[in-house]
Each structure stands twice: as structure tokens, then as C-alpha cells.
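The residues making up each chain are set out below.
There are 4 protein chains.
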Amino acid sequence: MNRKLKMGMVGGGRGAFIGAVHRMAANLDGKIELVAGCFSSDPEKSRLSGEDFFLNPSRVYSSYQEMAQKEAALPEGERIDFVSIVVQNNMHFAVAKTFIEAGFHVICDKPMTFTVDEAVELRQIIKNSGQIFALTHNYTGYPMVKEAREWIKDGKLGQLLKVVVEYPQGYATESINGEEGKIANWRADPQVAGVSNCMGDIGTHAHNLVSYITGLEVEAMCAELTVFIPGRQLDDDGNVLVRYKGGVKGILYASQVSAGEENNLTIRVFGTQASLEWKQEHPNELAMKFANAPRKIYRRGNDYVGDTANRFTRIPFGHPEAFIEAFANIYLEVARAITDRIKGVDAGDYDFPNEDVGLDGMLFVDTVVKSSQSDQKWYPYPSM
Amino acid sequence: MNRKLKMGMVGGGRGAFIGAVHRMAANLDGKIELVAGCFSSDPEKSRLSGEDFFLNPSRVYSSYQEMAQKEAALPEGERIDFVSIVVQNNMHFAVAKTFIEAGFHVICDKPMTFTVDEAVELRQIIKNSGQIFALTHNYTGYPMVKEAREWIKDGKLGQLLKVVVEYPQGYATESINGEEGKIANWRADPQVAGVSNCMGDIGTHAHNLVSYITGLEVEAMCAELTVFIPGRQLDDDGNVLVRYKGGVKGILYASQVSAGEENNLTIRVFGTQASLEWKQEHPNELAMKFANAPRKIYRRGNDYVGDTANRFTRIPFGHPEAFIEAFANIYLEVARAITDRIKGVDAGDYDFPNEDVGLDGMLFVDTVVKSSQSDQKWYPYPSM
Amino acid sequence: MNRKLKMGMVGGGRGAFIGAVHRMAANLDGKIELVAGCFSSDPEKSRLSGEDFFLNPSRVYSSYQEMAQKEAALPEGERIDFVSIVVQNNMHFAVAKTFIEAGFHVICDKPMTFTVDEAVELRQIIKNSGQIFALTHNYTGYPMVKEAREWIKDGKLGQLLKVVVEYPQGYATESINGEEGKIANWRADPQVAGVSNCMGDIGTHAHNLVSYITGLEVEAMCAELTVFIPGRQLDDDGNVLVRYKGGVKGILYASQVSAGEENNLTIRVFGTQASLEWKQEHPNELAMKFANAPRKIYRRGNDYVGDTANRFTRIPFGHPEAFIEAFANIYLEVARAITDRIKGVDAGDYDFPNEDVGLDGMLFVDTVVKSSQSDQKWYPYPSM
Amino acid sequence: MNRKLKMGMVGGGRGAFIGAVHRMAANLDGKIELVAGCFSSDPEKSRLSGEDFFLNPSRVYSSYQEMAQKEAALPEGERIDFVSIVVQNNMHFAVAKTFIEAGFHVICDKPMTFTVDEAVELRQIIKNSGQIFALTHNYTGYPMVKEAREWIKDGKLGQLLKVVVEYPQGYATESINGEEGKIANWRADPQVAGVSNCMGDIGTHAHNLVSYITGLEVEAMCAELTVFIPGRQLDDDGNVLVRYKGGVKGILYASQVSAGEENNLTIRVFGTQASLEWKQEHPNELAMKFANAPRKIYRRGNDYVGDTANRFTRIPFGHPEAFIEAFANIYLEVARAITDRIKGVDAGDYDFPNEDVGLDGMLFVDTVVKSSQSDQKWYPYPSM
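Chains as they are written, first to last, in the working numbering: chain A, 1 to 384; chain B, 385 to 768; chain C, 769 to 1152; chain D, 1153 to 1536.
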């Protein structure tokens, strides 16, 4: 096989933010081409979007069901190899199920589904199918996040004691003052977004980042979610104390009403030998701190950075890489897995968030909401 | 009256850290002179310390009781105007009570007392006496902390929504690994330190900083304190969710096992119009952030900074001021109050932490410990 | 016309760094497809590279002359629309001339040519041809660099007084110690690189950045270039005092022996009303500083940032963009110009470095080398 | 001897900035007391200043000559041990000479004198006298500056290659716009300040910092000084290329018209093994950078910092020290030297800027001005 992988897309038409990110992530490395799509539930908008992306009109579809069916009928090598799902949250389950069952691999924007039940069911469908499913918890694509994970695997921090992770944004502050911001308001609509806005949208990224870097599992949570924006039903801020298994303590918080914060996702992990700190807004640096030694600042792209991080690095040190490249690392890794599958190979070390991560994300949001509503101090975290 | 104020000191002999800081703070502005002291419960050590400070041997005492008595017997203008108390926590009450009752003003290192009951009693004694009592919650002495307080008073942040305050240190991490650090271990001894180590020592500073800057009062807390160091009884780490009156939400945490952190006290306050951020380790800057405008970085010493901050500023912008100057601002302000008192004046605007702040600090520590021990999610904060 | 633009590439085969960057930059936005190339002077390496990029073997050529000839013979819409030239410096002239004369638009890695004479000649050829020529002075593609340019155009800094620009790297430090670093050594070979290594490679970027942001023209320079690495002929460090027309003073320096620096390109421009500061390693921020007002930090992607910067912004604030996106902005803008040309449109506002910028870069390097060799304090800068 | 050292002061009356800094520096450690002074050429102002400082009126003098004479006539132990000279530049020579010749040690604000000739003469007078003379090049008092010096002495940077030192300020920008700033304008008056304003006031600090940290001696300089402020005679900006002995290259610049800069004195030293960076506005950190290893951030007060730095450290890590403490380190060290002298001891390792440093500072300013006026590219630096 010597060809680009063929990608389809559901959602992500003109004006949609996250669809554009997925396309850039797919384009970057020249290994994937977008060949088909159903970009909107509005057929005309879907058609125009297809034109924007220079697609053959015959492969721009009016419904995702039609797309799944017709693509499946195309000969191998012509039909799509996988689909990217970038529709609203409440549609994820149906679309993903349809394409998995039609025999396609799937990359899905998070959250995996609308409800925990759907997630449980979809995960089973995926596992039964043997298809590849990836969820774009894109922050795990940053090279220095992978470096952080390696440090902990290698014991460089010693025994873990504490984790502090935060994801403050400020864009919704304007809504408090009566102006609606430009970032999608459907996220605040429980019919579309699910049981949570802030925790579902960004808190879950914070949780996933802890999970990816440290491997820690939550034992119980003590949460307080708040709705600051008048007239809203879903949280726009949330603070959580976390007990991880093994006695590790944590703080996790997320906010959309922190004026002037943008995507200030920051994680600090403290161990008996050292601690680490990483900030998404300056993603090329990773700090290692010691109780009695000079701080060390590791910078992406250097020889002294580990092989895993360097495998996901495109350009040398000093020329920054950023969000799109990290997102593209998810695509790159899924592309490797799909290509291997086509070749009949299983390298066994694919590093992207899968359906288990997807279910865990749903459990996180569900538990944090229940904890917030509960008088019980420590709300137990369910096992998968 | 045209003379320096005369200061006595109890505690703070050779090798004691905080006593040296108090002396530098008192020295800096040339308005106070140390003239008497009982620097140690060991008379020989007290005597040698008196020599270090060039004191008249007749005014270096073997016990604080003797000191209070003999100083009170000296003529006005010769006897001390006030005493600085820098003994261990469990002695604060007795020493402060003695000097207040002997008619002296008091500057006391925090915490005010060993127990809440003592604090309640001492506060009453102070109020009855009419003497001046100041507690060195020194971080409130930083000019840009005062600027932050002014911003909130002036409504620049709009209605407050959320506060995040943290005080991580890492020095105790070595103790986890079996080595004892150089910072006083009596802080971990419940017989000396009280009911808490980490929260009592530094968590209370974080709480006080919120209180000073925002004026917010705690309604309830949900705390988890942890003892990570084997063999210890008192907390070396604590995480707290806070409900302030008026619907403001907060996170407060403190830690002594955060490897590589030093005194990384940081406060962020979020309002409907703007947010602020201040870091103790870079105290000359104060950031104001907006949902849709460029961040503004205010720097100490500039004309555009408010009068209150500038009143506590000694040198122009760009030449940093730091911890000792902030500490000295407490002394400077107490000296102003005492001088006014001597002159029979009451300016009414003295800006230093008093006995009410002292009691609140004791209540904070007591409540956070009780909350941590409780299964109740929201532990109510007592009124004074 | 509704199709992707078709790109050819000369140079940039397996293992070449800058060719890969050009391909990613071309790929990112899905508007350009690589369809042909001569990736190496070694035909087998060229062929294998063509496979890597999934090209039709019939369009992978053994020589750039063959490529130009055969592509020109293909029908419009099938043949390449433009070529990217990423060969070594001493080949730029010949390759660019060949493709321009064959009727193709050209994107060329910098420097434009090997000598000033070649640059003068090539510029004339380009102007006579009417073809589009772009030189990848990629740092001008950063949105906040464009914002900086707008500030100065809009007079926000007042009258300009001084510019400080620096580009320190450290990778060559290892060569001093006898180890050869991994970054291309041909840059130190005068037969390949030209009259300068450090100033030619990175100093010229610093100069271009000043020129782009401020519009200032150099009047005279006083340079000292140094060869620190034993056995080398070309500079690895250079310091320059600059006199710009209109009385503006400047410092420009570049270095490859600044241990621990990566690509720390930084520019500061000082005016009578304000100053600005931008750092390539944190490219999403641009600072505006005032003599007596709080500093303002502008961050990419916000509404308050100007239209020009926002036109070159792909994702919202807080999710960083970086080097590849900036590089892609050059491609995006050239693609717009070529597409307009195909459509018969001339928008007149294309924002990419052209042949005039290319010649100026050659003049800069030539003058800085001559200045360094001269005893004359102020070496005049030639007019174009 | 067990007493505080007795200090006199010439200059520094009400409203004078630098006199207040000297007094705080002297006060801080409780080892020095101000006992006498001639604070102004206006006797009434001098008298009032003496009251401000709680001095005995009999020791507040109307002229420095009277002061020198009368203090010398007092018995040892009562008369001043040393004098601090904080008058305007053009008076330094006369006052210093008077007190040296009267048998007193001297601490003098920089510059040492008004002219090079005076400096040569004063230096000889000092050396003949055997008295202690210290010049307050205060930035050398910062602990992490001392640490930097130790690194280079210990060879941690390898062989030095390059130095970049800068000292931009912005306060004079307002003067360009017709408003006079609050910082002393006599610095711009050649009758008072000398041959240079900006280079004399702050450029000389930058030069001294290089000299102190690296031990490098200047071989030749190529300078351009500029007067941007209309109507002024003396420079408010200057850029200098420097050749140090041993082949080390340098850039030094200083500016008072860099809007928004405060006292952004920054030094970077590059060697074959590592480089260092220190910024006066964040003085508690010192970075060590490597060509291929993580950056190390050293922070004041830690055990891993060297003994020299720690000897000048008053409070533990994390609680910042700043400008006044650094200034006080000069006083502390001079006090140690004077005390030893009184005791008849010579420790031989006193670490403060002396008359040789003072003369070098005058030579620097003189040479940089001559270089700027010269057409000669490399202006030789005189030997002392």
C-alpha cells in the first residue's frame, strides 16, 4: 500500500471551529486526504462545504447514514478508510455507531457520547467490531506531555503525592454581563451538551491529562459546580477535590468565567523525588523541580528529551510547535494504526485515546455532576 | 516627640530565623531602635544575643515576665514603646497578655495564640486595654497587595465570582525521604505548633491574603488535610473548597511537600469585569486581565499605581522591593500608629493586621482541621 | 477554478529539514497539493522521496531542468502552478531562473541567491516575467508580527527612536568543543553557503524582521563578525550597530555559539509614545509598553487584535499557534495571489516577502560582511 | 569593640532619592547608626533633615568641611567611623578628598568623581591614606550576581566567548514629549553630571557588572551615543560594541528613552560549556543554559547555591530579596572591613567596589564618549 489514507468527515461545515481543526490536523503531514463528507444536516451547506474542500460532489452527502452506506459500497482503496466525527455531542453516539457498524474506523471529537449509557454501549460495539476508535483528547498529543508521562513511568518523580490541574477560561464572562460571546452556546444547552457545560467541555480534558500523564485512577471526588451566568442551567465553573487510588491527593478545577484566561490548562504533579509543571499555553517547555537542586527546564526537540516525545516532534528545538501539531499527532498515530491494520501489522504501541478513555471521560463528567449535587463529602468513582 | 520608637523583643535569639526578620523590618526605616529583649529562655543565650544586637546588658532579661516588669518601671521615653513577640506558637498568649497588661503595645508573630480560646481571651484583653496589637501577616505589607485591595474596593473587578489562592512549599519533601530539612521542626509538633502544621503555618497566610484583598468572609469550608511525612501527627498538605458569603466560590491550598516550590504564594481573584493575579515570588507586578482586552501589568512604584500602594513604596519602579520591605511596612504602619498615640492623635486609617485578624486566623485553622476530620461536606465557618 | 493549487518541489528529499517544513506549510490548509518534484540530485533518492510523498512516479524527476521542461509541457490545470525551491544556497539562482523562465511562479527558501549579482539579475528576470516570486522569510508570517507592523503603521509607538533585534542560537557551541552538531554543516562552507554563515542564515532574518515591522531602511552599519569555531572560514557570531534613515538607532546581533539559546529571535522597537516587544519562542504574545502606564499584553486571536493579524489566525486565543502556522501563512498568501492571478484578479495587498525583499537580504549580508572587514566605522548601505 | 559603627552622611537631605537608599542600606542589619551629617548645602534644610533622622543637632553641620573638621576632633568611638557621600557628581572629589584626608573611611555614590583626572588623583590619595573607600556599584551586591561570578571563576562556563549587557530605562521618554519626568534632571546637565548622562548614570553600571562577574578587561570599544531629547547636550541612549582582552566580544547598551523599561539591567555571558543570564528586575534567579542539556534555574537561598552568594543572603529561598538588600550588602561588607580595621585584622577577602573600580568606571565613561565622537572604528581602552 502506497497511498494517502482516505478520510471522510461528518459535521464540520462552513464556520464550524472544531471541524477545521480536525482537517488541519489531518492535512499537516501529507498522509491523509479528505475525500468525502456530510458536513451539515443542511444539504446545501454540506454541498458548499464540500466545494470549499475541493471534494468530488458525488461524495458530498446529505445524511451521514447515506454516507456510511454509499462509502461502504465503494471498492476498497477508493472508499474512505476512516471517518472523523465533529458533530454536536448529542449526535456522537448515533454517527459513531453507524460508521463502526458499516466497517469504518472512527476518529471522534470528545465527548464520546451524550450519556454514560451510550458510552458503555458504544464501547462494546467498538470492541466487538475490532475497528479502531480514537477520541481527540488532543492535549495528550503535545510532545512535552508525552515526556511528562515518561518521567513518571520511569520513576523520576518518585512516589506521587499530589496533582493540581486547572483549566480556566474567561470567554463566558461576557455572558454574565449580558453579551453573548462567540464561542458556541450550544455547549450550555443541556439538550445538546449533556449534563455539564464547563466540566464536560474542559474539565474532562483536565481529568484526561492527569490520567494520561500519571496513570492515576480516581477513587472519589468532592465537587462543587456553579452556574454563574444568569438563566443558564449548566455549570460554567467547577472545583473538585480528588482522591486518587494509592493515597494521592488532587485538585481539579475548570472555569469559563475566569476573565482574561484563555486556555490556561496547567498541570503540576508532585512526587517524593521531584515535581513537574506543564502549561498548555507554553507547551514547548516542561519543568522538573526538586526540593534541593536547581530547577530544570526541558524544551521540546532537544536530544536530551526522550524518544517518545521526539517521535511526535516535527521541527527542531527553538521553533515552537503548538496546538495544531499536537492535534495532528493524534491523527498521525491513528493513521499509523490504520495503515498497519491495512498491512496486517499490529505494532501494539499506538498512543492515542481510545474507547476506554472515552468511557472514562463520560464517567468523570457524570460523577462530578453527581458529587456536586450530593451532600456526601466523598462521592465514589465508578469502575468501568 | 522627636525620637525613634523603642522596641523590645521576646524570642528571636541567635539562630532564630523570624526574629532576625522582625529586627530587619524594624531597622529598615530608621524610626525604631531595639533597646531591650529577652531573646531566649536560656539566659546565657539571651545575653549573647543581646551582645549581638549591641544592647545595654542591663536591658537583656532572663525572662519575659522580668522584662515586662522592669521595662514598665522605667521612665517614659526610656522604656520600650512596644514589644515584638517572636517566640514559639504555644507561648504567644502568655507573653502577649503579660505585655499588654503591663501597658505595652505589641507586635506578635502569627499565629496570635495556640488555641482559639486563647485568641478569644487575648482579643478581649487587648480591646479592654486599648493598646495596639499587630500580627505580622506580612504579605499584606506588599504594595501591590494593597493595590489589589484597592482595585476590588473600587469595583474594578466588578462583582466577585471566584478566588484561587495557593501556597505551595517543598522543603518538607526531604523529610519524606528520611532527611530532616533545616526549617524548624517544632512546627510539626502539636505540643508547640497547635492543631495544624501546614495550614497553621502557611495556609493561614493564604486565607488572610484573600480576606485582606477581597474583604470576603468565609461561609463554609470543605477541607482535606493530609500527613504525607511518615511518623508525623500534623498535616503537611491541605486542599480546601471554600464558600464565601455572597455566592463567591474559592479554592485554597497549601503544601510543604511540593518539591521545588519555595514560597509560591499566589492569588487570583475573578470578577465579572476583570480578574487579578499576584505572585509573592515576583511581588512587584500585579496583573489585571479582561475577557476581551489586552492584559495590563501594573508595576510597583509607577505614578499610575494607587496612592495606598505608593505610600508603602520606598524606591522607584524597576528597582525591586521584596519580602523584608513588605514586612517593614507592617512595622512602619504600627510605628505610625504608636507615634500618633503618643502624640494623642488617631488618624483612623492604620493599615496593619490587628487582633480581629488574629482571631480570624485561629478560627480558620480550627475550622479547616475540623472540616477535614468531618464527613460533613460543608463545614460552617464560625462568626467571631 | 475550484481545485487545489498544484505544487512542485526542487530539493527537500528524505532527511532534509527545510523541505519538510515547506511541505507541512503547503499541506496545512488543504489548498495546495504536491504533485511533482525533483527532490535530490541523486535520482534514486529523488524517486524514493517521491514515494514517501505518494507522487505519481512519472512526475518525480531526475533533474530540475527536466522537471521544468516536462511540467511546462503538461496541460494547464494538470501541470504545477508553482515550484518550491529548497536546495542549497548556491543553487537557488539557477533553479529559480529556470522555473521563472519556464513560466512558473516560485516560492524560494532564503537566501534568494548565492551572490548579490545573482540577486540583482534574478530580480530583473522575475520583474520582466511578471511571475510571482516569494521568499520564505517565515517569521513575518506570525500574526503578532503582523500586528506589530500595524501598530507602527498606525503610529501607536509615536516616532521611532531605537530598535534592538537579536537572534541567538547555541547549536554550534558543540562544534567549538570538537563535536559536530546535527544542524547542516554546509552552512559553514563558503562554497555552498556564501560569504556568511551566521549572518546569512539567521542575521538576515533579524534584519528582515526589523524591515517588515518598522519599514525602516538602513543607512549605515558598523559590524563585527567573529569565527569562534576553530577551522571555520565563516562567521558564527556577529554584532552590528545600525543607523536607520531618519535618525533611528539600532542594534542587531546573531549568534550560533550562544549555548542554550535555541531560536531566541527577539525584537524590541522603541518610540516616543510606546515600545513593543515580541519573542519568536513565545509568538502568541506582543507587549506594548509605556513610559507611564501599565504594560499591555496583546494575545493572538482576540477581537481586540487587528484585522491583519486575525486574517492570518486559524484558531482562537489560548490555543497557541506556532512556527509551522506562520510558515503556512506565507504559503497561504502566495496561494491567494496565484489563485487570483489564475482568476485574473489583482487584490493588490498580498502580504509575503518578494524579490525586492530577497535582494535586500542579499545586500544586508554583503554589507555586514564588508563592514566587518572594514576599518571604516560606518559602512554605507547600498540603495537597491 | 562591641558597638554599632557610626556613620556620617554628606548630601541626602529631604527629598533626595539616593541618600534615603544609603540610609536604608546602612540601617538594615543593625550594625551601623547614622550619627552626623551635612545633608544639604542649605543649612536649614540640613537641620530639618537631621531632625528627620533623629540626630543630635550638634552633629548636623552646615558644610562638609566643618563636619570633617569637627568630627575628626571628637574622641574615637564617638566620632564617625566613616562617611557616606551622596552629593551630586561634581562634588564627589572634593568631599571624598576632604574626609579621606581627615582620616575617615568613605562610602561614595558613583561616579567616583567628575573627571578622569580627579579620579586618578583621588585614587592616589586614597591609596596613600590607607583608608577604606567603597563605591556603591550596588548591583554587585546581589547574591546571584556573586553566584554568577563564582561560576565563571570555577570555569563552569568554559572559555568565555561573548557578553551581552543592557540597561534600558524609559523614564526620560516623557521628556521627549515635552514633559519633564520626576527623576533628577541634573543628570542631564554637563556642569553637574559630567561628560555623559545615560552612559555615566547607568551604562557604567552595566560595564561594572560585566567586569565584576567575568573579570574581563576591555581592549577597545566602538560606541554610538545619541541625544534624543530636544535641547539636551548629553546622551540619553548609547550602543557599544566591545572587544574584551582574550578575544571575547561584547555588546553593551543603555538607554533612558526605552518607553516602559524600568531598570531592566540584564546580563548574558556565553562560554564554550554553558551560558548564564541574570535580570536585575528578577534578581533571585540565575539561569545556566547548555547547548544540549536542560536549562538550570538557580534560586537564591538554596543549599545548592555557593557559599559566597549565601554569605550575602538574609532570608531563605522563596521569600525574595531585592534592591535594598543588595545595596545593604555593600554596606555590610564595608562595615566588616572597617570593623576588622578597628580590631587590627585584615581578612583580605572584602568584596566591595573600591577606588580601582571607581577609576575604571570613569575611564569607561570617558572612553565611550570619545569613541562615540571618533571616526575610528575601534577606540582603545586605556590602561589604569
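Since the hints were derived computationally from the structure, they do not count as laboratory data. The C-beta atom is built at its ideal place from N, Cα and C for all residues, glycine as well. Treat the hints loosely; a few may be bogus.
Stated by the list, open to error - Straight-line Cα separation of at most 20 Å, SDA-like style, residue types lysine to any residue; simulated pairs:
1. A:K156 to D:R1447
2. C:K1013 to C:G926
3. B:K390 to B:E462
4. C:K799 to A:A20
5. B:K429 to D:T1378
6. A:K296 to D:K1308
7. B:K680 to C:A1061
8. B:K388 to D:N1208
9. D:K1431 to D:T1460
10. A:K4 to C:A1061
Said to hold, decoys possible - Chain C residues, not near chain A, derived (Cβ > 10 Å throughout):
11. M859
12. G898
13. N953
14. G1074
15. A1090
16. K1145
What the hints assert, rightly or not - Some chain B residues judged to face chain D by a derived CB distance under 10 Å, without partners named:
17. A404
18. N569
19. W570
Discussion item. Tell me the hint numbers this structure goes against, listed in increasing order.
Written reply: 5, 10, 15, 18, 19
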